[in-house]
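**Q** Residue numbers (numbering that gives the first Met the number 0), protein chains in the order written: chain A, 0 to 108; chain B, 0 to 158; chain C, 0 to 172; chain D, 0 to 316.
Hints should not be assumed to be uniformly reliable.
To be verified - Lysine-lysine pairs mimicking DSSO-like chemistry, simulated, CA-CA at most 30 Å apart:
#1 Lys-297/D with Lys-30/C
#2 Lys-32/A with Lys-297/D
#3 Lys-20/B with Lys-134/D
#4 Lys-6/C with Lys-107/A
#5 Lys-32/A with Lys-30/C
What the hints assert, rightly or not - To be clear about the criterion: a stretch of chain C counts as covered by chain A if any three or more of its residues have a C-beta under 8 Å from a C-beta of chain A, and this derived list gives those stretches:
#6 6-20
#7 50-64
It is worth saying that the hints were derived from the structure and are not from the lab.
Every residue, glycine too, gets a C-beta built ideally from N, C-alpha and C.
This is what each chain is made of:
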Amino acid sequence: MGIFEILPGNIAVYVTIAHLLFGLGLFGMLFRKTLIGLLISLELLLQGVGVNLMAFGTFLGHDHTAARVITLFVLGIAAAEAALFLGIAVAVFRNYQTVAMDKLTQLKG
Amino acid sequence: MITSYVHEIVRGTGSLLAGMKVTIKAMLSRTQTVQWPRQYLTLPQRFRGHIQLVPVESTGYPKCFACGNCARTCPSKCITVKGKKPEGAKKKSPTTFLLDFTKCSLCGLCVESCPVSALGFSKDYAMAGPSRQDFAEMDLLSSLASPFSTQASKEKDHG
Amino acid sequence: MDNFIFKVYYLSFAIVLAQTVAGGVLAVAAKNLIHCFLGMVVALIGVAGLYYHLGSPFIALMQVMIYVGAVCVAIAFGLSLTRKAGEEGLKPLSPMAVVPVVLPAGMLAATLKGLSHLEKTGMPRKLDESIIGWQLLGNYLFPFEIISVLLTLAVIGALSVALIRRREKNGNI
Amino acid sequence: MKDINLLHIVISLLGIMGMVSLNAVLVVWLERKTAGRMQFRHGPMEVGFHGILQTLADGIKLVSKQLVAPSHADTALFIMAPVVSLVPIFVAMMPIPFSATILAHETDTGLLLVIALGLLNTLGILLAGWGSDNKYGLLGGTRAVGQILAYKIPLLLTVLTIVILAGSFSLREIAMSQNGLWNAFMQPVAFLIYIVCIVLETNRSPFDMAEAESELVAGFHTEYSGMAFSMFFLAEYSYMFVAAALATVMFLGGWHGPILPAPIWFILKVYFLLFLMIWFRWTFPRVRIDQMLMMGWKVLLPISLINFLITAVVLAL
């Protein structure tokens, strides 16, 4: 058993994995080339936030439902954001025939 | 606009139900196909398969007297007839009657032209074989009794 | 027997952890965008597993349903609509790459330091989740309504953004 | 965690596997027989009594065939796709109650579990289409995605209608709540929408756009052969069973019925729905993709929304 035994009951594990997801998401947002890659990284980042919320809510919260309700809100917001993001991505592709972020420079003037 | 929307949905559902009624009726009625190698359908009277020789009812010998009319009439020259007189007979009888079914177009002119109606259409439709040769020389005599072969077989019996 | 069940439980947790990390890395680092997508799906299912281990099967299933069922499918759709060869992969690394390493690491260190003062609370327990519904329509009614409005607006916005071209071409939607 | 009994898990998994295979054998046979009879034919007659073992023979043939991956295919996706489409269906069978006591895994959120796992099936189809480096496959996969976006919201709304009637996400309690009057009679509109949605969900004709033979060869499984193809096949027929079982629980009163024992009633109702789906398949011509999307967004969505609103208002009053 050894190390496995402490894993599911230890808040540090959840917090670590949440920060890892957050870091991966941040990395992807900085270095992916296309809008869709950006969106995928953004989802990972939000997942990090969600795991963090749930871990703190479950282990430390006085009110166990608060974290869950807020996580549900995060899920809802993420769905809305994804829908909007994809709409924008499709519109951008229609107008510029590309979704590579280096080439979308019209706003720079 | 709303009424036409609702009307369309109701009408569509009705037509779907009508279609389902048709198929369920079909499902509960008799099947039209049969399990072929085990069951056969009776063929209609006028089914035109490949040609065959018509026997004389009393003896079982072919009616044909090898006049060769059919071979001459055949537009694709797929009939070969040879014949001679068996001993003690008045008319000739065919010794060879070959049909090249690979060329035959089933036009039926041979049957029309036969002076004694010795040719007819068979009801054989399940025709398949491993080689082309099986149909290039179909021996139409083989299914009939022959005045020659009976003699031969009699001799064989005695011998 | 009990011991074995616990072993299976710990093993499943380890698998979920490994799955989340591997999926996340694949999602960010893969060259091919469809592999990124796949990595994201794997990571999201892993996160759902984490929620389950945190004692909340309801949130875990909502995660699978909303993310894997809806968001991922929509992303896949967008992916196939906007795909263009040669535009995938990562930009060349720059000094900026320090940020996503240092920032979460610093945050994590601070959090763990703060946590070390607290006593362990033990294994997460499964709780009655019907309270979530009461809370949503009670204490959290206002945020709930705002989320609903936000979702509606997002759908309308996405539609209108995606239909701009067609409106210009045809004169109407 | 302690309440999970290992023996129970093993037995229920074996039971589910047996159920899936037996169901596939029976439903494929039923489908071919029905198709035959509806076209005035006999259907399979050779293997076993009236061809009942035909599926088994076909299965053996498929398993013994080689799986060929196209040379430019994304091999990992290509091999993963059938597994992704089949395994969630296995798991989705766990919370389905065959009677008040016979169910593999009792959970409060059974309905959500089945629906969430059913969504993964489409993911498998998408991966298959994408991974096989084939334009028909890709078109099939993309169509499946468009389809899921169109039917999932009406489906969830009808399911929610039932949930607020029964007051629970647990499949067992939903079935228990219909001891007297079945939901199909209380919610006829929701029932009809759900019937349409399960046909959409399982990618069957008239909504089999993802594999439309006459347009896309075989759609997402054009490149699949042998074992992988049979896994898609198994997934389709198992998904049919899961969807029909869910409909039985939600609308046809689950295992409730006079005289006969409960599991038999359940199976009978499920097979009635399966027969209904087969009947649809051999009656209706395939709709076009735009017609399907129109129907999803313009007919099913508004009607299910109105139905949900009316139910909620009536219950609140």
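**Q** Let me make sure I understand: some of the numbered hints might not hold for this structure. Which ones are they, in numerical order?
**A** 1, 2, 3 and 4
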